[in-house]
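Here's the letter readout for the chains.
Number of protein chains: 4
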Amino acid sequence: MTANTIGQNFRVTTFGESHGGAVGCIIDGCPAGILIDSAEIEKELKRRATGQSKITSQRKEVDKVEILSGAFEGRTLGTPLTLLVKNKDAKSSDYEYLKDKYRPSHADFTYNQKYGRRAWTGGGRASARETTARVMAGVIAKKILKNICDIEILTYVIQVGEERANIELDEITYEKIESNIIRCPEEESSRKMIKLIEEVKREGDSVGGVIECVIKNIPSGLGEPVFDKLSADLAHACMSIPATKGFEIGSGFEGAKMKGSEHNDSFCISRGNISTKTNYSGGIQGGISNGQNIILRIAFKPTSTILKTQETVNESGEEILLDNVRGRHDPCVVPRAVPIVESMILITLIDHHMRNVAQNNLF
Amino acid sequence: MTANTIGQNFRVTTFGESHGGAVGCIIDGCPAGILIDSAEIEKELKRRATGQSKITSQRKEVDKVEILSGAFEGRTLGTPLTLLVKNKDAKSSDYEYLKDKYRPSHADFTYNQKYGRRAWTGGGRASARETTARVMAGVIAKKILKNICDIEILTYVIQVGEERANIELDEITYEKIESNIIRCPEEESSRKMIKLIEEVKREGDSVGGVIECVIKNIPSGLGEPVFDKLSADLAHACMSIPATKGFEIGSGFEGAKMKGSEHNDSFCISRGNISTKTNYSGGIQGGISNGQNIILRIAFKPTSTILKTQETVNESGEEILLDNVRGRHDPCVVPRAVPIVESMILITLIDHHMRNVAQNNLF
Amino acid sequence: MTANTIGQNFRVTTFGESHGGAVGCIIDGCPAGILIDSAEIEKELKRRATGQSKITSQRKEVDKVEILSGAFEGRTLGTPLTLLVKNKDAKSSDYEYLKDKYRPSHADFTYNQKYGRRAWTGGGRASARETTARVMAGVIAKKILKNICDIEILTYVIQVGEERANIELDEITYEKIESNIIRCPEEESSRKMIKLIEEVKREGDSVGGVIECVIKNIPSGLGEPVFDKLSADLAHACMSIPATKGFEIGSGFEGAKMKGSEHNDSFCISRGNISTKTNYSGGIQGGISNGQNIILRIAFKPTSTILKTQETVNESGEEILLDNVRGRHDPCVVPRAVPIVESMILITLIDHHMRNVAQNNLF
Amino acid sequence: MTANTIGQNFRVTTFGESHGGAVGCIIDGCPAGILIDSAEIEKELKRRATGQSKITSQRKEVDKVEILSGAFEGRTLGTPLTLLVKNKDAKSSDYEYLKDKYRPSHADFTYNQKYGRRAWTGGGRASARETTARVMAGVIAKKILKNICDIEILTYVIQVGEERANIELDEITYEKIESNIIRCPEEESSRKMIKLIEEVKREGDSVGGVIECVIKNIPSGLGEPVFDKLSADLAHACMSIPATKGFEIGSGFEGAKMKGSEHNDSFCISRGNISTKTNYSGGIQGGISNGQNIILRIAFKPTSTILKTQETVNESGEEILLDNVRGRHDPCVVPRAVPIVESMILITLIDHHMRNVAQNNLF
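These protein sequence lines map, in sequence, to chains R, G, X and S. Here the first sequence stands for residues 13 to 375, numbered as in this note's numbering. Here the second sequence stands for residues 13 to 375, numbered as in this note's numbering. Here the third sequence stands for residues 13 to 375, numbered as in this note's numbering. Here the fourth sequence stands for residues 13 to 375, numbered as in this note's numbering.
If we strip away everything but chain R, and leave its shape as in the complex, we get (with noise of 0.2 Å):
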């Protein structure tokens, strides 16, 4: 697995910065013959658009998908698909006064150690705006996905700050999740975590947040058993996106407090299948699906970009004073990342796939 490049036989490539031509993603590996339509990938792209609602960034994105290869009469070719959104002008003045300034938390310290240089522009190959990429992959790989099974993936916010939702699993429709602009299921919760979010921005603040996603219908014997569990490929995947801090797969940390008599999960026969009664496993055993609903939950970290006044440093080594004077920020992730975290899991699902049907579904 290479730098920008993601999956073994599903291998998604993503390149651009966020002031650069555009960004975008190549996915070599791509079965022909899947239709393929802009306005399906727009369409998604939306739900990660910034200026979706009063809770997010104010900026204007309108994503206009272009598909420069690899599709040819609305279907794929099995040669590498390429999809872009170009990035709309921006003005470099406007990042001109960021130019030789470390803003803490983000990565312009990190990428001038690394590179000696970095695109100032507004945070480079840094931005979040790569993740556009990814989430035009994903619906590619969901697309894929259903011809193979009945999948069905729900994600959603579960805590924005201190406000944990409480979630009945069994409840939860994509309907409900964007039914408000958290994506919170649960009506109560979401209203309190759209209420702090706006509190928040209102300070010029940001706070921080935890994503849920359940997977069904997903076949079993998914994962590799040792380096690439699936478990160990989903944290990939999910600790690759921006602002990440923790991923946790079934029953995570509240796992390390159980004793082995509660956590495991008993095999039964439920209507007429291997089943098991409880799934603090969350779906994954030894690395390997076991046909049960796949459950994990990835921690955001406040956005680092604030409007108040941080100490920092410069790159001629002086502390400073830094004041954003952007007005527009994302006082929370979490709306916003969960098409992002959804296109991961989907790309990282649909690759072990085809890894599964190479070595065992040969004869």
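These are calculated hints, taken from the structure and not from any lab test. Check before you lean on any hint, since a few could be wrong.
One copy or two, it doesn't matter: identical chains are merged, so the pair holds either way.
[To be verified] Here are the simulated lysine-lysine pairs, DSSO-like style, with alpha carbons at most 27 Å apart: (1) K100 - K76; (2) K188 - K154; (3) K100 - K113; (4) K320 - K289; (5) K98 - K76; (6) K76 - K103.
On the provided structure of chain R, position chains G, X and S as indicated by the hints.
For chains G, X and S alone, coordinates are given in the frame of chain R:
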């Protein structure tokens, strides 16, 4: 990254089942000229071995390291370094009664679903026995890193069940960690943890725990910006360890509760160098190391093997009761998992260093 | 190495079909700080372009390079460098008559067998149009190599049909190669080759040829001992060029006729350095460069597109006659293939240099 | 593809030096359920072994295969399959006189340049001893392919020195190939070849040769369109064999002399299937197999080890004379190289089949 291989430039492939001929690893990409010594590797293997204390499995492993290739006159050659330990002759008949039964929360069922067969003699490839190979590779990784930087890595248990230690980062030493059988550097907590494990063991039950790791004196610039963020690759490496359920870096899930103004790590000048006042980032920003301490935590579930009667099903799809008649198991995996976690981190770090050098140290 | 990517540390992925939106490449792993200039790349593309002389296809390509990502203020950033050239609007209707026919020795049939569909408008992904992307990547590879060593690469035509030039290695210069439209540094042969191609063109036929390449001033130590021998990777890179049928290094197939006492390259001391008296090895011994000139040759078949009536079958499995009504084709690919060969070699060399540095320049 | 690994889905890693503990291979990605039998592998190893006839090295190798992991109850498990043969105890002292000398056209010098050291006892990793591991992997590859298609692979010597056999493709059988010690299916030529090798041997010299391989009944659709063309990957695999200097597919270098109207393989209908009238393509078009016979040739240089006095230099940079006092060497490598070539081709084919299935057999 392939199924049984981890790393891109420092590529560790492990092989072996718990009751096959041997378990071992091949390191491809290992620099030439590294001093190599079986005794040094065996010493580290003892930290992972069963039978090391009253709170681990009482099975006696005495692992003797064979260097099968890649070394000559006591130093590595640059060619694939193959290290292995033979498995002791185990009586397959001990496991005969498990042959067609799916142990709850073990990998028996998922391996059968994936491959249509499994080595039913004691866990096969899914056994923690495989991690012996990782520890051998970790010793080599550490030796190379010691030539590059003054790396210090401190890995220890911070939680067993509900018992959480209060750790002062600055006071931890390797000696304190190794001063007790649970490997917790805080004395009072260590006593409570050991007591808890002894209780659990008496009940024939098991309990989970959390390991924390601090890595000091790592150069900045390690990690790739997008999918192969150092944090993502550390998550992948750590979540590939058996029994893991969660991973956190820096502030982790607690960070989700915080505000940006609290969480942002202000840059400052300390003894002439750019440093940060706080370290909620856990030493990694934008996926790249910033030279501060890397701090991470990993949650382990309670061991799946318990001595209590459990409900399950067999290969014929019948619901049955399972009595584990083997008298030996690990009531808690964390003390033995410490060197495994350490090895996975060291392997990840040296690989990222090599990747960084390949791209950024050419001229 | 994935289907549309070559290289491990300097990873070039190409994308695009001949009549899709664009063809281009992403270079992942490109060092930061390399000066990048569209005009410089476009200059090299002219060596590959159609319409450059009376012996190439008369279709007029004017390739304008767009740098879509990975550069900032005229230098590379270390992030994925995306370069592309748009395809000119081509009328699909020109190819309509080929839609369901399998052109002999083209990839129409095999693409359909593999993917169940193909872009029938002019070759699609199998078109030599894709090699435009390789030449762009080759320019970048060369610039990086020039920073590392005093590399000189001389690539030229030594054979067209039965006409073989007698080349004195020491007398070849870039200027002599570029002094004629066939790119053969030996003047008399070049005239005969051009005459032969003109004859073949008049007949609506095509002819094959051989390209030779000499690379000077390459450091020793490049190449991996076993599967990734420098010679094996050069063979892979060169044989990935459309229309190639053979590859030789050093003595090549002639070497099979020789005795060891003739073929062995005796080491000697020349100007204080270890050198060899002869160079039948072609600069590579045991898969690793020895510092002598690397010499290789590649055989190209005659262009498959000819203007004569041919027997073939269509998608319905009927035997038919095919008349190629397009008046433009390359009667011989070798003059335009020179920069493509060069690019594949340069990409291979920089990748191996990076791999070598990653393992062997750590301390 | 890493240095000591070949393949993407069927990944073969070899390890071992000629005078280390063992040479062996790990196959990662091997399907489960394949019958595995040491005796079957050992039988194939005898075709590669020294001491098999008067025209090979007289050193007696008796290779006993150990299956170290990945098999259980006589069948593969799907986990890494580790196969090895121990090296016989060799007296290092036999090689002491070579310790600081660079043998002409051997890898002594290049290994030292790359790694700063080498195993000077008999070639180390550069020894053809490593190919034992390839042949073991080839046996497994063949067994899997036999489950997928009715593959027939015929590999034989067509040239030794200037002596070239006239082979009728349709008349070759495995029995004819194995009927003589040179492995040339044409009887008269085989006698001349053997005579030539005996002469060369008497002189203490060596001679080169050419191996041809025909693969029948391979499915169409194998091979990736761009860099991983089946032809390019076969070139890579074959040119990774020690002592190779050239590779041809189909018409090869002769194809460069031909016209398109001669060389194009007209499609036709034969017994209801799409076939071609000629096969200058060698079974591969646009990098993808077309279902016709794959035909390729590989040139081998004369063995570098000869018993004549040669000029060379030592590690101190002094010009010296080298007398090879060892009485045993292979006067010509081609008879023993036949199973090695076959193995590399089989490994490449099964890997490409898996890659094809992963992308194109999902629904």
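- Hints not upheld, ascending by number: Of the numbered hints, all hold.
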